[in-house]
Amino acid sequence: MKALIKIALPLSLGVSLAVLPMQGIAALQQGVKAPDFTLKAAQGGKEFDLSLKATLRNGPVVLYFFPAAFTPGCTVEAHLFAEANGKFNQLGARVIGVTAGNIHRVAEFSRSECRDKFAVAADPGAKVAAKFDATMQGPDGAALSNRTSYVIAPNGTILLSYTDSKPQAHVEKTMAAIRAWNARRR
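My numbering applies: residue 282 is where the sequence shown begins, and numbers increase by one.
Think of the hints as simulated: they come from the structure by calculation, not from any bench.
For every residue, glycine included, the Cβ atom is placed at its ideal position computed from N, Cα and C.
Not one of these hints is a red herring.
Cβ pair distances, simulated, as ranges:
#1 Gln310 - Ser393: 29 to 35 Å
#2 Arg386 - Arg460: 29 to 35 Å
#3 Arg460 - Asp317: 22 to 28 Å
#4 Phe351 - Lys327: 15 to 21 Å
#5 Pro316 - Glu364: 25 to 31 Å
#6 Lys454 - Ala349: 20 to 26 Å
#7 Glu389 - Leu361: 14 to 20 Å
#8 Arg465 - Asn370: 15 to 21 Å
#9 Arg386 - Arg466: 34 to 40 Å
#10 Ser332 - Asp397: 16 to 22 Å
#11 Lys447 - Ala308: 14 to 20 Å
#12 Gly325 - Thr352: 18 to 24 Å
#13 Gly312 - Arg386: 31 to 37 Å
Heads up, simulated DMTMM-like pairs for lysine to aspartate or glutamate below, C-alpha to C-alpha not over 20 Å straight-line:
#14 Lys321 - Asp397
#15 Lys408 - Asp421
#16 Lys368 - Glu394
#17 Lys398 - Asp330
#18 Lys398 - Glu453
#19 Lys398 - Glu364
#20 Lys314 - Asp414
Kindly produce the complete structure, drawing on both the sequences and the hints.
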């Protein structure tokens, strides 16, 4: 019986921890260099090649990964980023959404849910998300982007990494990081 308890207690603790949401933690942490990438993207339904390095030449980037276009949480998050996009632009930042979907679905999502406000990139197989340690397993076993937001300085340094399955705090956290970065530069 004692042997069974010695096995069951750590096992139950491990299972309990496995089902807890990972809030506020992203694998790539503040201060590290963000991996560069180029992906097919769309803004306002128009497709183009998006390069992180090229986008950073124009100022900091808010890079947010989301699981799937047209799902409830991802739609809420897209609407929130679309509503805040003007404020991000006033602060000199550009928003980029990334998901493991295909470019045709992403193009439609950029037009309808992102309201033509910012670019959304297709990351088939979540390969770029994996470089950012922002992946999770979907119901069918396929790799998906985890809901993770990064703020990246023009020199490629990560200023903020934030993971939370709930979309509501992502805009607030990334906006605060952009404001703090701007304040340090004055």
